[in-house]
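Given chain A, work out where chain B should sit, using these hints.
Protein sequence lines correspond, in order, to chains A and B.
Okay, so the first sequence: first residue is 78 according to our numbering, each after it adds one.
Okay, so the second sequence: first residue is 623 according to our numbering, each after it adds one.
Don't read these hints as lab results, they were simulated from the structure.
Since we're looking at a predicted model, the values are computed, not measured.
Check each hint, because a few of them may be wrong.
[What the hints assert, rightly or not] A few chain B residues that don't get close to chain A, going by computed Cβ distances all over 10 Å:
(1) Val-626
(2) Ala-629
(3) Ile-633
(4) Val-635
(5) Glu-637
[Claimed, not checked] Taking lysine-lysine pairs in the DSSO-like style, the calculated list, with each CA pair at most 30 Å apart, reads:
(6) B:Lys-717 to A:Lys-148
(7) A:Lys-134 to B:Lys-717
(8) A:Lys-148 to B:Lys-721
(9) B:Lys-625 to A:Lys-134
From the three backbone atoms N, C-alpha and C, an ideal C-beta is built for every residue, glycine too.
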Amino acid sequence: DTGVSQNPRHKITKRGQNVTFRCDPISEHNRLYWYRQTLGQGPEFLTYFQNEAQLEKSRLLSDRFSAERPKGSFSTLEIQRTEQGDSAMYLCASSPDIWTGSGNTIYFGEGSWLTVV
Amino acid sequence: AQKVTQAQTEISVVEKEDVTLDCVYETRDTTYYLFWYKQPPSGELVFLIRRNSFDEQNEISGRYSWNFQKSTSSFNFTITASQVVDSAVYFCALKNDQKLVFGQGTRLTINP
Numbered sequence: 078d079t080g081v082s083q084n085p086r087h088k089i090t091k092r093g094q095n096v097t098f099r100c101d102p103i104s105e106h107n108r109l110y111w112y113r114q115t116l117g118q119g120p121e122f123l124t125y126f127q128n129e130a131q132l133e134k135s136r137l138l139s140d141r142f143s144a145e146r147p148k149g150s151f152s153t154l155e156i157q158r159t160e161q162g163d164s165a166m167y168l169c170a171s172s173p174d175i176w177t178g179s180g181n182t183i184y185f186g187e188g189s190w191l192t193v194v
Numbered sequence: 623a624q625k626v627t628q629a630q631t632e633i634s635v636v637e638k639e640d641v642t643l644d645c646v647y648e649t650r651d652t653t654y655y656l657f658w659y660k661q662p663p664s665g666e667l668v669f670l671i672r673r674n675s676f677d678e679q680n681e682i683s684g685r686y687s688w689n690f691q692k693s694t695s696s697f698n699f700t701i702t703a704s705q706v707v708d709s710a711v712y713f714c715a716l717k718n719d720q721k722l723v724f725g726q727g728t729r730l731t732i733n734p
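Bound conformation, chain A alone (with noise of 0.2 Å):
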């Protein structure tokens, strides 16, 4: 499989827990994204990592939000202490270079959905 995988696809969790999405990304895509989706609306960018830097984060990102990238390969999204308004899809993506024929493409996997109750 050479798309971009997520784990797990559905986690449901009581306000106030922890939870931890995980991606990876295609093989040798040195850029990866997180966004996040509510239903009825487009996905709104989170943040973004170039290897294992962080580059840029969204406002949206609160400070109950982090996203690592320890060794520029696979990247997990933890969120803590969860509230209701956190209920959304976590979409993760991830492109090549950006000086590689379709480095200004962005490939996004299935998405991990939230549910807090």
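The following block gives chain B in isolation, referenced to the frame of chain A:
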């Protein structure tokens, strides 16, 4: 600020009809990229096309075609002879630097 507007929230047509999904964007940048993605019920965003701001050639891929008009800041998507499998939510997006800015999506339903 960058913005993408998909004015059609939902479209419903009968199979084999042609359908056009509208997309209008706003940006002050001279270099940018436009995209269309398809999102079936499974949730994955499937890449359909990328167009850069310097290339206004229309593109056709099978039953899909895209009309990019810089003068009107539009990047419309037409499906010819629609099929039930085309039913999904379609997103138009604008990329500048490293972020994609998405429209709110158009839910397309193709009825048999």
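Here's how the hints hold up against the structure:
For B:Val-626, the non-interface assignment is contradicted: its Cβ lies about 8 Å from the closest Cβ of chain A, within the 10 Å cut-off. Once the 10 Å rule is applied to beta carbons, B:Ala-629 is consistent with being away from chain A; the minimum gap is 13 Å. Consistency note on B:Ile-633: stated as away from chain A, and its beta-carbon is indeed over 10 Å from all of that chain's, at 15 Å minimum. Here B:Val-635 stays apart from chain A, with its beta-carbon at least about 21 Å from theirs, past the 10 Å limit.
The beta carbon of B:Glu-637 sits about 25 Å from the closest Cβ of chain A, which is more than 10 Å, so the claim that it is off the interface holds. Using a Cα cut-off of 30 Å, the hinted pair B:Lys-717 and A:Lys-148 holds, with the two alpha carbons roughly 26 Å apart. Between the alpha carbons of A:Lys-134 and B:Lys-717 the distance comes to roughly 16 Å, so the proposed pair stays at or under 30 Å and holds. About 22 Å separates the Cα atoms of A:Lys-148 and B:Lys-721, which keeps this hinted pair within 30 Å; it holds.
Using a Cα cut-off of 30 Å, the hinted pair B:Lys-625 and A:Lys-134 holds, with the two alpha carbons roughly 19 Å apart.
Hint 1 alone, counting from the list given before, is not met by this structure.
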